[in-house]
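Participant: Letter by letter, the chains look like this.
2 protein chains.
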Amino acid sequence: MKRTSRDIRTANRYEVLRQIIAASPTSRQELAAATGLSLATVATLVGELLDLRMITEVGFEDSAGGRPRGLVAVNASGGALIGVDIAETYVRVELFDLALNVLARADEDMRPGESHPEQVVGHVAAAVGSVVAQAGVEGARVLGVGVSVPGQVDRDTGVAEYAPNWDWHDVPLLDLLAEHIAYPLYMDNPLRASAVAELWFGAARGRGDAVVVNLGTGVGAGLLLGGGLHRGVSNSAGEWGHTTLVLDGRLCHCGNHGCVETYVGAPGIMVNLRELAAESALLHPDDQTATIDALARGVAAHDPVALKAVRDTARYLGAGIADLVNLFNPEVVVLSSWVAAALGESLLHEVREAVARHALRRPLAATEIVLSAIPTDPVCLGAATFALEGALQTVGQRTAAKRTTPARSRTAPPS
Amino acid sequence: MKRTSRDIRTANRYEVLRQIIAASPTSRQELAAATGLSLATVATLVGELLDLRMITEVGFEDSAGGRPRGLVAVNASGGALIGVDIAETYVRVELFDLALNVLARADEDMRPGESHPEQVVGHVAAAVGSVVAQAGVEGARVLGVGVSVPGQVDRDTGVAEYAPNWDWHDVPLLDLLAEHIAYPLYMDNPLRASAVAELWFGAARGRGDAVVVNLGTGVGAGLLLGGGLHRGVSNSAGEWGHTTLVLDGRLCHCGNHGCVETYVGAPGIMVNLRELAAESALLHPDDQTATIDALARGVAAHDPVALKAVRDTARYLGAGIADLVNLFNPEVVVLSSWVAAALGESLLHEVREAVARHALRRPLAATEIVLSAIPTDPVCLGAATFALEGALQTVGQRTAAKRTTPARSRTAPPS
Chain V
1 MKRTSRDIRT ANRYEVLRQI IAASPTSRQE LAAATGLSLA TVATLVGELL DLRMITEVGF
61 EDSAGGRPRG LVAVNASGGA LIGVDIAETY VRVELFDLAL NVLARADEDM RPGESHPEQV
121 VGHVAAAVGS VVAQAGVEGA RVLGVGVSVP GQVDRDTGVA EYAPNWDWHD VPLLDLLAEH
181 IAYPLYMDNP LRASAVAELW FGAARGRGDA VVVNLGTGVG AGLLLGGGLH RGVSNSAGEW
241 GHTTLVLDGR LCHCGNHGCV ETYVGAPGIM VNLRELAAES ALLHPDDQTA TIDALARGVA
301 AHDPVALKAV RDTARYLGAG IADLVNLFNP EVVVLSSWVA AALGESLLHE VREAVARHAL
361 RRPLAATEIV LSAIPTDPVC LGAATFALEG ALQTVGQRTA AKRTTPARSR TAPPS
Chain Z
1 MKRTSRDIRT ANRYEVLRQI IAASPTSRQE LAAATGLSLA TVATLVGELL DLRMITEVGF
61 EDSAGGRPRG LVAVNASGGA LIGVDIAETY VRVELFDLAL NVLARADEDM RPGESHPEQV
121 VGHVAAAVGS VVAQAGVEGA RVLGVGVSVP GQVDRDTGVA EYAPNWDWHD VPLLDLLAEH
181 IAYPLYMDNP LRASAVAELW FGAARGRGDA VVVNLGTGVG AGLLLGGGLH RGVSNSAGEW
241 GHTTLVLDGR LCHCGNHGCV ETYVGAPGIM VNLRELAAES ALLHPDDQTA TIDALARGVA
301 AHDPVALKAV RDTARYLGAG IADLVNLFNP EVVVLSSWVA AALGESLLHE VREAVARHAL
361 RRPLAATEIV LSAIPTDPVC LGAATFALEG ALQTVGQRTA AKRTTPARSR TAPPS
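These protein sequence lines map, in sequence, to chains V and Z.
So for the first sequence, this note's numbering puts the first residue at 1; every next one is plus one.
So for the second sequence, this note's numbering puts the first residue at 1; every next one is plus one.
The shape of chain V in the complex, shown without the other chains (with noise of 0.2 Å):
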């Protein structure tokens, strides 16, 4: 879709309160600095957010020779956001304050087969009531509950339309959440969680075009272009987890053969493991995080089998991390999710070697793979994140109408 000047305000504001929350207390001044902003935007945008109650003035601090500068930090109190990452094996619920601290958590396992959505519904709403009680806030004060699920998702409508690895088709998972939670809701998937985290507060703010590759059961790329998540048109982009890496290869969930996600999810390591070893101890069936975190301990160890795996799954990696950087030339690849947390730097290692072998040169040269260093789960981050944006929006379409202005139009100055 076209961006508009909306499109443009809309980053705007949310630009003004991730470096208000990266750099408290902070002056408008230093705020029209580091976003290149007007200092009539920046007063304008932090006007809005004083009226919010999402950030407070905190005194002033003095300016060379001129007036004493107001400053502004986040505040933190002024409301709670929850986070909420349904996964194929748990479900996990963070509840944070307005600077993104985590305050409470409360996370749910999820045994094999255990995939109906009313029994996934019964544990996001059981942990969302826990981190709340946890955390002691008032039910008024939760601005919002972002919700992410696997697969593709109409984020409009609140329908998780193909879940592959659930066989989930059209849950519409927002209705049945709301007949449990009563807070706003909005819902998303893990891979586009995660690379909003990464913009907001990981290694993608403030950088140019950045791909967030998301390692977990499923596999997929958050596509950071342009300062904004591109979601395509109905809002499945991202799916280079069912991009073909061996044409005619092994058979996917989805129907085709070869995607990359059946060579590096976490399934697929365990079919790497098994061709390489098959009887190895390290090898857990029908348990994916076991088997991650024996492989994990096995690098430590230095253990040939385990050593093994991880550059046979590096190999995919890389060339399949190679199309990315390949095709949209990034500033920085991060590598996210659970299974890049547990493998860590000996994955990072193989891979950056993996996609040397694999990429052009010039985007080569340009692009910089990294782990991702949020520390926490950094797929409850960005859907506490998508509850904020969701926040923030709904500010900014009240102030467009108290303005009269058409939610449409377009009115930046033609020069």
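Calculated from the structure, these hints are not laboratory results.
As the structure is a computational prediction, the values presented were derived from the model and not from experiment.
Glycine included, each C-beta is placed from N, C-alpha and C at the ideal position.
A portion of the hints provided could be inaccurate.
Have a look at the derived ranges for each label pair, beta carbon to beta carbon [as the list claims (entries may be wrong)]: (1) Z:Arg67 - V:Gln29: 45 to 53 Å; (2) Z:Arg357 - V:Gln29: 56 to 64 Å; (3) V:Glu353 - Z:Pro184: 40 to 48 Å; (4) V:His253 - Z:Gly255: 29 to 37 Å; (5) Z:Ala40 - V:Gly59: 40 to 48 Å; (6) V:Asp293 - Z:His253: 39 to 47 Å.
Some, not all, of what chain V presents toward chain Z, calculated at C-beta under 7 Å [unchecked claim]: (7) Gly208; (8) Asp209; (9) Ser236; (10) Ala237; (11) Leu247.
With a Cα cut of at most 25 Å, we get these calculated SDA-like pairs of lysine to any residue [unchecked claim]: (12) Z:Lys308 - V:Gly249; (13) V:Lys308 - V:Leu247; (14) V:Lys308 - Z:Leu247; (15) Z:Lys308 - Z:Glu353; (16) V:Lys308 - V:Leu251; (17) Z:Lys308 - Z:Ala290; (18) Z:Lys308 - Z:Ala356; (19) Z:Lys308 - V:Leu247; (20) V:Lys308 - V:Arg357; (21) V:Lys308 - Z:Gly249; (22) Z:Lys308 - V:Asp248.
Once you've looked at the hints, dock chain Z against the given chain V.
Facilitator: Below, chain Z alone, put in the same frame as chain V:
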């Protein structure tokens, strides 16, 4: 890179001129309705284009009950643009008026092996001289020459960094051309040229995200995201031809194995044909153009070998295009360049079926796959469009300087 208000203004300037070229004569009111811009913004942009003599006032139309509305039209004779398509097997140069009508054309064949930069520059200089003479335009009216050269290019320095089919490395092509050509020179590569042609004049005009798949000797994907061309951080985005389709597959001249290009570029199609029927009369060794033309005639005559070769090629192409559909979730995929033009509807039909077998349901449902409908050489047209964009950008800079707006400030109002 982040898009600023300045980028939006440049894009708006392009969009107004695009609309005037598409629908002359037209009124400022119609332009505002067609582009979604405010009437004030349109009036300013129209004023700039009138000052430049790119458009002209052509009278008035009645408006029901209101003041008569001034009409503007493109001033076709207000300047000339030259587009240069340097391909592996030919150089084509076209001279356009400002309505982007072709006024003159010159073609130069390049024999296999005739790929030294000085030889190529000689062909280009001769053809540029020829079209200016043929069209009888004064040199002063040539606003610029856009040059498309295969491979990875640094458009700021005018260096052809890497043209794999010729083994060019760091050739200072624009400097070499400037010794023979006195007009302003702009450079980019064919995948971006044909993408911009589709954005201005073809299937991507007025659409959301689009991918232009270029099928020639080399292959690539022009990425039209958010209403503009996605270039990446070092102008090398879109190298889809060098993404892996068959891990450990055919050796590619880029050094990687199994690249898309080795299966669906013209030399790759020749390999497909040879694997199918090594002695086929369709095969013209060392002559890509003759082979693709023979294949097209064979398909028209229902030759079973030709039909099977196109189906095999479409199988590779379908898997590769499904990757683009899954990754970008575009509204339209356009098949462009000479191989797509030669094989036409039969290739399109097979590709649509193959993509449907590989792509995910949600992005597939949102995507249309079409052949380029641009009647002339889309790379020449796109290269000329780069020259037009260059001329329009210069205008913007002059205007900005006059108004003492710093070039990098963002001045969009916050709401």
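Participant: Could you run down the list of hints and mark each one as holding or not?
Facilitator: Evaluation of the provided hints:
no., hint, verdict
1, Z:Arg67 - V:Gln29: 45 to 53 Å, "holds, 46 Å"
2, Z:Arg357 - V:Gln29: 56 to 64 Å, "holds, 58 Å"
3, V:Glu353 - Z:Pro184: 40 to 48 Å, "holds, 44 Å"
4, V:His253 - Z:Gly255: 29 to 37 Å, "holds, 33 Å"
5, Z:Ala40 - V:Gly59: 40 to 48 Å, "holds, 41 Å"
6, V:Asp293 - Z:His253: 39 to 47 Å, "holds, 43 Å"
7, Gly208, "holds, 5 Å"
8, Asp209, "holds, 6 Å"
9, Ser236, "holds, 5 Å"
10, Ala237, "holds, 4 Å"
11, Leu247, "holds, 5 Å"
12, Z:Lys308 - V:Gly249, "holds, 22 Å"
13, V:Lys308 - V:Leu247, "holds, 24 Å"
14, V:Lys308 - Z:Leu247, "holds, 18 Å"
15, Z:Lys308 - Z:Glu353, "holds, 14 Å"
16, V:Lys308 - V:Leu251, "holds, 23 Å"
17, Z:Lys308 - Z:Ala290, "holds, 18 Å"
18, Z:Lys308 - Z:Ala356, "holds, 19 Å"
19, Z:Lys308 - V:Leu247, "holds, 18 Å"
20, V:Lys308 - V:Arg357, "holds, 18 Å"
21, V:Lys308 - Z:Gly249, "holds, 22 Å"
22, Z:Lys308 - V:Asp248, "holds, 18 Å"
The structure meets every hint from the earlier list without exception.
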